[in-house]
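Peer 1: Sequence:
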Amino acid sequence: MEKLTNEKMRTFGGHERIGMFNAGEKITEFGEKQNSANEALAANVNDLIKRVCALEDKAEKHEEVMKTLARELNAFKKELDRLRLSEKLNSGAVERLNKAINLAQGEEDTSESK
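Residue numbers for the sequence shown follow the numbering used here, so the first one is 22 and each next one is one higher.
Hints are computed from structural coordinates only; laboratory data are not their basis. Backbone N, C-alpha and C define an ideal beta-carbon position, used for all residues, glycine too. Treat the hints with care, since some could be wrong.
With a Cα cut of at most 20 Å, we get these calculated SDA-like pairs of lysine to any residue [as the list claims (entries may be wrong)]:
1. 47 with 35
2. 98 with 109
3. 71 with 54
4. 24 with 65
5. 29 with 64
6. 54 with 38
7. 54 with 66
8. 82 with 92
Ranges of calculated distance between the beta carbons of each label pair, as one might list FRET restraints [what the hints assert, rightly or not]:
9. 50 with 23: 12 to 22 Å
10. 31 with 82: 23 to 33 Å
11. 109 with 79: 39 to 49 Å
12. 29 with 81: 28 to 38 Å
13. 70 with 31: 16 to 26 Å
14. 105 with 79: 30 to 40 Å
15. 62 with 99: 53 to 63 Å
16. 125 with 101: 27 to 37 Å
17. 83 with 26: 31 to 41 Å
18. 82 with 39: 51 to 61 Å
19. 70 with 34: 51 to 61 Å
Required output: the full structure, derived from the provided sequences and hints.
Peer 2: Structure representation (structure tokens):
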């Protein structure tokens with residue numbers, strides 16, 4: 022792709038006097054320059070269209086990845102919350118069992134000493 026510059030897009034100098042006999046030649050020269058400028062501009066526009074389409078495709082893929090990550094993160098959070106609740110419930114159960122064992126040992130110790 023050709024880089025567009027002001028000079029490349031200039032198709033008419035326009036400040037010189039054009040005589041009647043060389044007007045046809047000047048019009049042909051202008052037409053050729055205009056065609057070249059149009060071709061360069063069209064190539065750049067087409068390249069931009071391709072790049073925008075590629076970016077849109079990437080954005081759609083990124084959006085799908087982000088949605089998947091959000092679902093996975095939500096599932097992870099639910100699992101983490103479940104584990105935290107289980108840990109609290111298990112800790113309470115362990116404490117109750119530990120107290121029961123201590124009480125049972127304390128009662129056994131008391132009965133042996135009598």
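Peer 1: Now look at each hint and say whether the structure bears it out.
Peer 2: Evaluated hints:
1. 47 with 35: 10 Å, holds
2. 98 with 109: 16 Å, holds
3. 71 with 54: The hint is violated at about 26 Å.
4. 24 with 65: 8 Å, holds
5. 29 with 64: Holds, at roughly 13 Å.
6. 54 with 38: 19 Å, holds
7. 54 with 66: The hint holds at about 18 Å.
8. 82 with 92: 15 Å, holds
9. 50 with 23: 12 to 22 Å: 20 Å, holds
10. 31 with 82: 23 to 33 Å: 41 Å, violated
11. 109 with 79: 39 to 49 Å: 44 Å, holds
12. 29 with 81: 28 to 38 Å: 35 Å, holds
13. 70 with 31: 16 to 26 Å: Roughly 25 Å apart at Cβ, these two residues keep to the hinted range, so it holds.
14. 105 with 79: 30 to 40 Å: About 38 Å separates the Cβ atoms of residue 105 and residue 79, which means 30 to 40 Å holds.
15. 62 with 99: 53 to 63 Å: Holds, at about 55 Å.
16. 125 with 101: 27 to 37 Å: With a Cβ separation near 36 Å, residue 125 and residue 101 satisfy 27 to 37 Å, so the hint holds.
17. 83 with 26: 31 to 41 Å: Because 34 Å falls inside the window, the suggested range holds.
18. 82 with 39: 51 to 61 Å: 56 Å, holds
19. 70 with 34: 51 to 61 Å: Taking Cβ atoms as reference, residue 70 and residue 34 lie about 32 Å apart, which means the hint is violated.
Figure legend: structure checked against the earlier numbered hints; hints not met, in rising order: 3, 10 and 19.
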